[in-house]
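These protein sequences, in sequence, are chains W and B.
End of the first sequence sits at 454 in this note's numbering; the numbers just go up one at a time, nothing left out.
End of the second sequence sits at 979 in this note's numbering; the numbers just go up one at a time, nothing left out.
Derived by calculation from the structure, the hints in this document are not laboratory data.
It cannot be assumed that every hint is accurate.
[Unchecked claim] Restraint ranges, calculated between C-beta atoms of paired labels, are given here:
hint, chain 1, residue 1, chain 2, residue 2, range
1, B, Arg952, W, Glu146, 39 to 47 Å
2, W, Pro215, B, Lys878, 45 to 53 Å
3, B, Ser669, W, Glu54, 27 to 35 Å
4, B, Leu550, W, Asp187, 54 to 62 Å
From the three backbone atoms N, C-alpha and C, an ideal C-beta is built for every residue, glycine too.
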Amino acid sequence: MNGKTEITEKYLDLYKENINKISGISSPYFNSFRESAFEKFSELGIPAKKNEAYKYTNLNTFFDHDYENYFMPVPADFIKAEPFRCEVTDLDAYGIVLLNGFYPTLNEKLRQLPNGIWIGSLNEAAIQFADKFEKHFGKYAKSETDGLVHLNTAMASGGLFIYVPEGVAMNRPVQVVNLIQSDEDTFTQHRNLIIAEKNSNFSIIICDHTLSPQKFLTNAVTEVFVGENAHFDIIRVQNEHNNACKITNTFIHQEKNSVTSSNNITLHGGLIRNNTYHYLGGEGAESYSYGLFLADKWQHIDNFVNVDHAFPHCTSNQLFKGVLDDMSTGAFNGRILVRPDAQGTFAYQKNNNILLTDDAKMDSKPQLEIYADDVKCSHGATIGQLDDDALFYLQSRGINKREARLMLMFGFAHEVIQNIKIEVLRERMDSLVMQRLKGELSRCASCMVKCG
Amino acid sequence: MEKDQDKILNDVTTGEYKYGFYSDIEMDRIPKGLSEEVVRLISGKKNEPEWLLDFRLKSYRHWLTMKMPTWPNLKIPPINYQEIIFYAAPKERKNLKSVDDIDPELKKTFDKLGIPLEEQKHLSGVAVDAVIDSVSIKTTFKETLAEMGIIFCSFSDAVKEYPDLVKRYMGSVVPYTDNFFATLNSAVFSDGSFCYIPKGVRCPMELSTYFRINSANTGQFERTLLIADEESYVSYLEGCTAPSRDENQLHAAIVEIVAEKNAEVKYSTVQNWYPGDREGKGGVFNFVTKRGMCKGENSKISWTQIETGSAITWKYPSCILRGDNSTGEFYSVAVTNNYQQADTGTKMTHIGKNTKSTIVSKGITAGHGQNSYRGLVKVLKNATNARNYSQCDSLLLGDKCGAHTFPYLEVDNQTAIVEHEATTSKIGEDQIFYCNQRGISTEDAIGLIVNGYAREVINKLPMEFAVEAQKLLQISLEGSVG
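With the rest of the complex left out, here is chain W:
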């Protein structure tokens, strides 16, 4: 689509330089994907503006940059990450700390939680759980237009693996704190695989933090398999500094009667692009996709959602909201595809955005593509400002303008946050959003980077 640009050449060099090292630490099955993936990447290139899905997001500033370090972890790296503790202290969760997306391989490479749940390094799982790994790995992350997915497959050297066995209901969520830290400008790619078998119930919270002010580029791919009747929730809280670029590609494959929800809360970040792909691959599956971002300064935040209704009687719902301040820009790109046999589909999509300044810009592109007739599908998108009438109403009751504006914005954001099922986290998000809207420091206190 973009031809072989100079940037693509650069990554070809990077690939040649590192491929032996990368292949050395991952399983042969993983390695068998690399060559064809790189070919596909060479064909597609880094998505440019000509790529319809990246029309509103320019990645060049981050992909042009020469990173000093292409990150592949060595055990010594993890020692630095050890002391980190999440400040949501009352959150009752199994905590895991990742460094630049990688599972610390200091002690045990795979850890067993109660009920036979396994969490750990992807490369280790590829050996210990070869059958499961080979059954699911590389099956869901597919894209005909996005070269970055293929770049990840070609070059990711590891990541996180989670396995939830059949019938296991986990009442405590797993909290993954992903620390991004390096002394040099770093490009990192990691690959996650989550398998939630039949009748299981599992929630995961992923929090991103940058700990050092260097320039970071992260290109992550997460594959999720959700078995029959299983429930799966993924919540992302993104908190990165202005010099960091994060691209997440999440592919959720759902079987019959499964229910999933995905929640992307972006509080801070230089350039963030969340690609979420929901594939409803069985009758009666339900998927909920939520997103909220608060952007200011020169930040750019882009949510891309693709919901693929491949089977009858599935339901999907998307709700994405954005508040844009200063010179920030935002984009939303949501697509509902209803395939010819997917009769009885219910699909909804909503995107609301508020522009706070004249320099902020929002582009929204909600799409419906429907090839079946017995469906109920709708979408709505708005871009505007706070409701004058509501503002007047509050002011007329003695609330000052600033307070009234805050209340309205908070209410606007809360509509997304209220979908978080974990109460402690929901409250925490509410307070973070409130602080953020007030212009107070809203990053977790442990963040050591002071953004300008």
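Dock chain B against the given chain W, drawing on the hints supplied.
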């Protein structure tokens, strides 16, 4: 009931195209193919001045550097431009002063189509410019309109008689570099209508252009230029038909509208080109560039379209809202049946302050039809208080068809309010059941529901056209729509 309904929906495909006849008129055709020679030949045939030939050649040369875009959600078979005849016209007879001078065969054609070429038919109250294949045949009520200073004539006449106006406005809204088909049109356009409403004049009757493709293998490339000067008002109608043929015919037209200060233009289209047969063979490719410029303050342009014909419809009647307080409207009903495809919508570009736009699009899809709405609402940085409301609904009548919505909202101003909503569904069984219960047959019920669904748009049409449009909707979905 389920079976009954299926049967009725099946009957959808039995609706026949009733304008598919061919008139045997003596024609003047040029050899098929496209080259600089052909462009010169067309220009020569029309005795065009030097500047217009230059414009054509400039366009042609630019066209050679372009490629047909591939982004629409359409399956378009390759078009061989060397197989198309770019100019065909009924053999001219001198002095077309009265109706009697018109070729009787031609007159019969228009009678058959129900187009009043005779001015005696005052009842209809519509001034018509009839364009067959490449040239304008007859413009009625020319004199009556001239009394008020309104110019309504064929494009060729305008080039001869009002070159200054044409020079000033042609290409000002749709530049020759605009897009693949607009550039092609700029190179080879044959004729079309020209209309100028002077300052402060409210046009007393509906102006209308009727297009007909008659010859085989020809493409139709007409150009309409409509200028509404300050404080004027005009309502303009456009209709079109073509004979049934097995091969695809290309129709690539340009419509340009300029609305000056306080002017209002209402442009209505009932598009009924030959849609191809039940297997999707033949039919017209309708690739049209339509754009209006709200140039002055408080100006208003309103597009209304009923799209029932054409094998492939690919057009986006747009408004550039440049003047402060200007308004753009777009109302559309697009029907695709059998193997018809449509990718249509609008572009609203808000440039001036306090500009408003409204988009109402209703898609109806049956058989193997594919119907896409694609629209852009763009609010530029200085367009304070811009307001847009878009509503796009799709109705599906069959399980093999598709309905798609691709809106683009680009907002660069914090005071703007842009809203978009869309729904897609089939006719509710409960609605049909309700009608059945009250003694209305399933067929009539579907008709009732579809008509109600499209009413919001049809109501925007001038009265005579509204009746016509309603009938057309019935024919297009015959069997399912009573």
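Name the hints, by number, that the structure is in violation of. 2
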